[in-house]
Structures are given as structure tokens and as C-alpha cells.
Amino acid sequence: MRSLFRLSGEGEGFVPPSSNDFELPPVFGDNAFTTKPIFLVFLSVILVSVFFLLSSRKAAVVPSKLQFAGESIYSFVRNDLGRDIIGHEFMRFVPYLFTLFTFVLTNNIFGIVPFLQFPTMSRVSFPYVLAVFTFVVFHYVGIRKQGIVKYLKDIMFMPGVPKPVYVLLTPIELATFFLVRPLTLSLRLFANMFAGHLLLLVFILGGEHLFQGVLGLKLISPFAFAFGIGLTFFEFMVQCLQAYIFTLLTALYIAGALADEH
Amino acid sequence: MENSLYAAAEKVNPLVPHTAELIVGAVAFSLLFIVLRSRVVPMFEKAFTERTAAIQGGMERAEKAQLEAQRALAQYNDQLSTAREEAQKMREDARVQGTAIVEELRVKAQEEAARITAAAHASIESERQQAVTSLRSEVGALAVELASKIVGEALDDQARQSRIVDRFLDDLEKSAK
Numbered sequence: 001m002r003s004l005f006r007l008s009g010e011g012e013g014f015v016p017p018s019s020n021d022f023e024l025p026p027v028f029g030d031n032a033f034t035t036k037p038i039f040l041v042f043l044s045v046i047l048v049s050v051f052f053l054l055s056s057r058k059a060a061v062v063p064s065k066l067q068f069a070g071e072s073i074y075s076f077v078r079n080d081l082g083r084d085i086i087g088h089e090f091m092r093f094v095p096y097l098f099t100l101f102t103f104v105l106t107n108n109i110f111g112i113v114p115f116l117q118f119p120t121m122s123r124v125s126f127p128y129v130l131a132v133f134t135f136v137v138f139h140y141v142g143i144r145k146q147g148i149v150k151y152l153k154d155i156m157f158m159p160g161v162p163k164p165v166y167v168l169l170t171p172i173e174l175a176t177f178f179l180v181r182p183l184t185l186s187l188r189l190f191a192n193m194f195a196g197h198l199l200l201l202v203f204i205l206g207g208e209h210l211f212q213g214v215l216g217l218k219l220i221s222p223f224a225f226a227f228g229i230g231l232t233f234f235e236f237m238v239q240c241l242q243a244y245i246f247t248l249l250t251a252l253y254i255a256g257a258l259a260d261e262h
Numbered sequence: 001m002e003n004s005l006y007a008a009a010e011k012v013n014p015l016v017p018h019t020a021e022l023i024v025g026a027v028a029f030s031l032l033f034i035v036l037r038s039r040v041v042p043m044f045e046k047a048f049t050e051r052t053a054a055i056q057g058g059m060e061r062a063e064k065a066q067l068e069a070q071r072a073l074a075q076y077n078d079q080l081s082t083a084r085e086e087a088q089k090m091r092e093d094a095r096v097q098g099t100a101i102v103e104e105l106r107v108k109a110q111e112e113a114a115r116i117t118a119a120a121h122a123s124i125e126s127e128r129q130q131a132v133t134s135l136r137s138e139v140g141a142l143a144v145e146l147a148s149k150i151v152g153e154a155l156d157d158q159a160r161q162s163r164i165v166d167r168f169l170d171d172l173e174k175s176a177k
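For the protein sequence lines, the chains are B and C, in the order given. Heads up: the first sequence begins at 1 in my numbering, then just goes up one per residue. Heads up: the second sequence begins at 1 in my numbering, then just goes up one per residue.
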């Protein structure tokens with residue numbers, strides 16, 4: 001029985017996928033701007049731009065199928081993420097939220113698109129950049145709306161709290177607004193994409209490796225592939241969800257900065 | 001390459017960002033933001049505004065049409081009831097007029113009948129008078145003739161003759177009474 005599961009006699013063990021699998025070498029020479037993730041980011045910009053330019057080109061009262069598709073995504077972000085959360089000033093932030101959602105969603109879905117098969121957001125640099133944008137936007141909005149003094153005062157000294165509590169609350173609030181929010185925002189997205197891609201690698205590379213083994217292992221390998229396919233669907237859900245959460249949290253932070261009291 | 005994978009020390013820390021990727025991420029996102037903000041969002045908003053306007057316009061038009069229809073209906077009902085009243089009045093008038101005409105005709109007919117009756121009476125009376133007069137002379141002549149035959153006495157004298165006849169007739173009348 002043991003021999004049935006023994007790996008191939010060459011002694012070449014299975015190399016589990018690691019974070020190194022995300023370090024893709026430049027395509028052209030040593031140029032760090034020619035890696036796959038960077039091409040994918042530009043591809044996402046082109047795809048999203050072309051799709052929405054085409055679907056919004058006519059802006060007809062009675063939409064075509066294409067316009068309807070584009071409009072559905074746009075009005076989802078505009079109404080469910082913008083209007084319902086930010087309130088009456090939401091229109092100013094719709095372009096940002098819309099860009100955020102479509103950009104993150106497209107780059108996430110690249111993770112399961114055949115041949116591309118790499119979620120760009122599993123490169124931590126991109127979530128960092130987006131989190132910094134959101135960080136700048138919501139603080140800027142809050143300062144513009146309430147003045148820097150009142151804005152900082154509201155963050156540090158939450159109104160309606162007994163004074164001694166500030167000893168605890170002020171550091172927590174400061175950390176929340178200036179450290180935890182951007183960090184969790186970027187790391188949540190990054191970690192989900194990273195872990196998801198790693199999981200797919202484990203099952204699919206594992207299945208491949210099992211298939212090279214002896215008969216017993218060959219029989220198991222289809223299960224690994226099947227699991228990999230099931231996980232692909234699961235990944236699709238996670239990818240959409242993470243794009244939604246990133247945009248939702250950005251909208252919530254903006255709404256919080258706009259509100260008179262935090 | 002494979003050997004290096006076993007060495008944990010050589011593993012890359014996935015949390016460390018790459019400068020190139022940071023730059024590309026910021027540039028790409030900004031590009032997309034500019035495109036979507038300047039071209040896509042205004043067009044979708046325009047479509048939404050126009051759609052809202054179209055729907056509202058349609059609803060207003062429908063409301064107006066409904067009001068119009070209601071007004072027309074009220075007007076028709078009004079006209080209908082007026083027409084009914086008029087018809088009722090006309091029937092009433094006709095009935096009254098008919099009665100009047102019948103009454104008038106009846107009166108006329110009665111008058112005519114009375115007139116005809118009166119004329120008949122008059123003519124009968126005159127004919128009776130005529131008959132009485134002629135009878136009186138004829139009966140007188142016959143009676144005289146008869147009497148003269150019976151009595152044998154000629155009653156030639158006209159004057160006497162008529163006196164006798166008159167007296168006879170008077171006697172007759174008296175006895176008749």
C-alpha cells in the first residue's frame with residue numbers, strides 16, 4: 001500500500017508553490033517594467049476603458065445590450081456604493097469609486113482568466129497604491145469639509161465620551177484612521193488574491209505532480225484537478241467580493257469623513 | 001533555481017512593494033480614472049437624466065391625457081343629461097299639445113254637430129210648416145168637397161168656405177188639445 005503512494009523513483013520531491021511563484025521575471029531583459037503583472041495592469045486599463053467607452057458611447061434612453069451591461073455595473077457602483085452610503089454629495093465620488101471597483105475587479109478576475117491566470121492584486125504594490133489613494137481621498141475630503149482642526153479633533157476626541165476614556169480611545173482612533181485603515185484595506189485585498197492563487201497552484205501543480213507518480217497517485221490526481229476547478233469558481237466569488245469590499249470600505253470612509261460626527 | 005526554493009532565507013517577502021509596480025499601479029489607475037471620469041461617467045449620467053426626463057415626461061403626458069379624458073367624459077355626461085331633460089320636456093310638450101289639439105277638435109266637432117242639428121231642426125220646422133199649410137188648404141178643399149157632397153149644399157162662396165174650414169180646423173185643434 002505504501003509503495004502505491006510512493007513518489008516517482010527519481011527522488012525528485014514535490015516543490016510546494018511559495019511566494020517565489022509570484023516573483024515573475026521581466027519579459028524583456030532586466031527591465032522591471034516588463035513583468036507580467038505590469039502588462040496585466042495595463043491590459044486591465046485598456047479592457048475597462050474600451051468596454052465602458054463603447055457601452056457609454058451612445059448614451060441612449062433605450063439602451064442596447066452593451067450599454068445595458070455597462071450601465072448595470074456603473075449604476076451598481078453609483079447607487080449601491082455611492083448614493084446609499086455617502087448620501088447627497090455622492091456624485092463627486094462616483095468616478096473614483098467606479099474606477100476603483102472596475103480596476104480591482106478586472107485585475108482580480110485575471111487570476112482565473114485562461115492564459116492570463118494571475119491576479120494582479122496578489123502583487124502587494126498595487127493594493128498599497130490603491131489604499132494610499134483612498135487614504136488621501138478620505139482625509140482630504142474630511143479636512144476640506146470640516147477644517148483640519150475640527151477634523152483632527154473629532155478623530156482624536158470622539159464627542160460624547162467620558163474624558164478619562166480618551167486615554168485609551170485617542171491612540172486607538174489615531175491608529176485606526178492613519179494606520180489600520182489603509183493597511184487593512186490593502187492587505188485584505190492582497191492576502192485574498194495571494195492566498196487564492198496559491199491554493200489554485202497547490203491543487204493544480206499538485207495534481208500534475210501526482211499524475212507523474214505511480215498508478216495509485218495517478219488515480220488521485222483527477223480529484224486534485226477537480227478540486228482545483230471547484231476552487232476556481234470559489235476564487236471567482238472571492239475576487240468579486242474583494243473588489244466590492246474595497247470599494248465599499250472606501251465609500252464608508254468617505255461617508256465617515258463627510259459626516260459631522262464620527 | 002530548484003535548489004534555491006528549498007532555502008527559506010531566499011524566499012521573497014511578498015509584503016515588500018516593488019518600485020516599478022508602485023509607479024505603474026499609480027499611473028495605470030490614474031489613466032483609467034481620467035478616462036472613466038471624463039468620458040464614461042458623464043455619458044451614463046446623461047443617459048440616466050434623459051431616461052428620467054423621458055419617464056417623467058411620459059407620466060405627465062399620461063396624466064394630462066387622463067385629465068382630458070375625464071373632462072370629456074364629464075362633458076359627455078352633462079350633454080347626455082341635458083339631452084335627456086330636453087327629450088323629456090319635448091315629450092311633455094307634445095303630450096300637452098296633443099291633449100289640447102284633441103280638446104279643440106272635440107269642441108269643434110261638437111259645435112259642428114250642434115250647428116248641423118240646428119240646421120236640420122230649422123229645415124224640419126220649415127218643412128213641417130209647409131206641410132201644415134199645404135195640408136190645411138188641401139184638407140179644407142177635400143173636406144168642403146166632401147161636405148158639399150154630403151150636405152148637397154154648394155159652398156161656392158170662397159169666403160164662407162174658408163171661414164168654415166178655419167172654424168173646423170180650430171175646432172179640431174181645440175179638441176186635440
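Some hints could be false.
Stated by the list, open to error - Derived PhoX-like pairs (lysine-lysine); straight-line CA-CA distance at most 20 Å: (1) B/163 / B/150; (2) B/163 / B/153; (3) C/46 / B/58; (4) B/65 / C/64.
To be verified - Distance windows between CB atoms, simulated: (5) B/175 / C/56: 48 to 54 Å; (6) C/56 / B/47: 31 to 37 Å; (7) B/159 / C/71: 18 to 24 Å; (8) C/38 / B/87: 23 to 29 Å; (9) B/175 / C/38: 34 to 40 Å; (10) B/156 / C/52: 40 to 46 Å.
Unchecked claim - Output of the computed footprint for chain B on chain C, the stretches with three or more beta carbons under 8 Å from beta carbons of chain B: (11) 25 to 37; (12) 46 to 58.
To be clear, the hints were calculated from the coordinates, so they are not data collected in a lab. Built from N, CA and C at the ideal position, the CB exists for glycine as well.
Practice task
Find the hints from earlier in the document that the structure breaks and name them by number, from lowest to highest.
Solution key: Hints 4, 7 not satisfied by this model.
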